[in-house]
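Take a look at the letters that make up each chain.
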Amino acid sequence: MRGSLFIIIFLGLIDPLQAQYFDKTYSLALDVNVPLGNTDYVNRVSARGFKLGYREMINEKLFGGVDFTNSTYTRHVPRQTYTNGTNALTTDLFNYAYSYGLTLSFDYFFNTEQKLMPYAGLGVGASYMNYRQFFNVYSKQNENWGVLVRPQGGVLYKLKEDSRWAFLAGVHYDYSSAKSKDFGLDAFNNIGVQVGVIMLEW
Amino acid sequence: MLRSFILMSGLGLLLAGCQPVPDAEELNKNLVVETDYDDKVNFRDFTTYTLPLDTLGLISNTTKDTLQLGSYARDITQKIKANMDARGYTYVNKNQNPDLGFVAFLVSDFSVYQTISYPSYGGGYYSSYYGYYYPRVNTYATSSTVLILQLVDLNTKTSQNQFKLIWRGFIGDLSSSADPYQKSVEAIDQVFVQSTIIGK
Chain A
1 MRGSLFIIIF LGLIDPLQAQ YFDKTYSLAL DVNVPLGNTD YVNRVSARGF KLGYREMINE
61 KLFGGVDFTN STYTRHVPRQ TYTNGTNALT TDLFNYAYSY GLTLSFDYFF NTEQKLMPYA
121 GLGVGASYMN YRQFFNVYSK QNENWGVLVR PQGGVLYKLK EDSRWAFLAG VHYDYSSAKS
181 KDFGLDAFNN IGVQVGVIML EW
Chain B
1 MLRSFILMSG LGLLLAGCQP VPDAEELNKN LVVETDYDDK VNFRDFTTYT LPLDTLGLIS
61 NTTKDTLQLG SYARDITQKI KANMDARGYT YVNKNQNPDL GFVAFLVSDF SVYQTISYPS
121 YGGGYYSSYY GYYYPRVNTY ATSSTVLILQ LVDLNTKTSQ NQFKLIWRGF IGDLSSSADP
181 YQKSVEAIDQ VFVQSTIIGK
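Quick note, the sequences are listed as chains A and B, same order.
Take 1 as the starting number for the first sequence in the numbering used here and just add one per residue.
Take 1 as the starting number for the second sequence in the numbering used here and just add one per residue.
These are calculated hints, taken from the structure and not from any lab test.
Worth double-checking, as some hints may not be accurate.
[Stated by the list, open to error] With a straight-line Cα cutoff of 25 Å, these simulated SDA-like cross-link-like pairs (lysine to any residue) come out:
| id | chain 1 | residue 1 | chain 2 | residue 2 |
| --- | --- | --- | --- | --- |
| 1 | B | K40 | A | T86 |
| 2 | B | K29 | A | D40 |
| 3 | B | K200 | A | T86 |
| 4 | B | K164 | A | N84 |
| 5 | A | K179 | A | Y82 |
| 6 | A | K140 | B | V112 |
| 7 | B | K183 | A | L89 |
| 8 | A | K140 | B | L27 |
| 9 | B | K200 | A | T83 |
| 10 | B | K79 | A | T91 |
| 11 | B | K79 | A | T83 |
| 12 | B | K164 | A | L89 |
| 13 | B | K164 | A | N87 |
Start from the sequences and build out the full structure, keeping to the hints where you can.
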């Protein structure tokens, strides 16, 4: 009886301490991006993006995992005439760039015990860019793969210290080497802001 | 918790799968006008032209008619004639030995295709509760119409004994336009605006 009481008291003491440290996270965030490159082709802010993330603890402050991102950039070019040698084409253009990224990502947390947990990280992986140009019922597209490099930083905020949920806010810069010869486009880069939720598991 | 995440991920992937496209009304607001010409031809060398007024050619998989008549054909051909006249060419009848022949015709395609999907209930189509399931047939239809303009040199024939095509224009898509009549008549002017090569 005395032994059981001791164990219960011991677990009561140890549990709150263990609850401070999460070892896996799952995140879902809205990703708002601004294109910095190829702005002749797409120039509008993309509010349609999102990020899915998964991390596992490497050590107390360093986490590694994968991120999957998606965003769509657009531009409307009003009706005008394009001349190429003997050929002339008059139309308005709806330029779209569908961007997908899958990165191996590492985040360094400056602390993992408090309500507010700032972090900085880097993701490196694959970028898939689908450039598509719509005009009337016609369209032209070009798909390209490249390397994606994404430095990122942000904060997690828990409403309670032992909460398994936290809010996520972050900024990132993306460089994608996916160029399009068909559209005459160079490597793509953008900055973005992410706002979402993150689940902490331990 | 993982289940919730998988659910959210699935939702995210679903969103990713739906690549947004432009609004159809905006997309089809204006017709596409495309032109091309033979740069070895001097268009100033020609003086007269002919054109079947009040009539357009018609190539369609929904009718056996080969001519489009009526006010649309009249307005289109009159617009072509006005532009050719303004460029300094003289209209003549086809029996008056014209230098150029102007051809205008519509190409219309209507296609229907179907997909058949079978419900997958253990490989068969019989359910003890609902009875037999039948395959579901989805029917889709697409339609497109383009107005094609051609200018042929009636003084020169190719090795295939055909008149030489020296210029062409393309206006589309009329089927998806909210106002194909007026928009295509206006597009005739644009055809000539972007074809400064045509003229005496």
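Do the hints match the structure? See the list:
1. K40(B) / T86(A): Holds, because 11 Å separates the two Cα atoms, which is no more than 25 Å.
2. K29(B) / D40(A): Distance of about 23 Å is within 25 Å: holds.
3. K200(B) / T86(A): Cα-Cα ~18 Å, so holds.
4. K164(B) / N84(A): 22 Å, holds
5. K179(A) / Y82(A): 22 Å, holds
6. K140(A) / V112(B): The hint holds at about 23 Å.
7. K183(B) / L89(A): 16 Å, holds
8. K140(A) / L27(B): Holds. K140(A) to L27(B) sits at ~14 Å (cutoff 25 Å).
9. K200(B) / T83(A): Holds, at roughly 22 Å.
10. K79(B) / T91(A): Since the Cα atoms of K79(B) and T91(A) sit roughly 20 Å apart, the hinted pair holds (cutoff 25 Å).
11. K79(B) / T83(A): 23 Å, holds
12. K164(B) / L89(A): 23 Å, holds
13. K164(B) / N87(A): Holds, because 18 Å separates the two Cα atoms, which is no more than 25 Å.
In this structure, none of the earlier numbered hints is contradicted; all agree with it.
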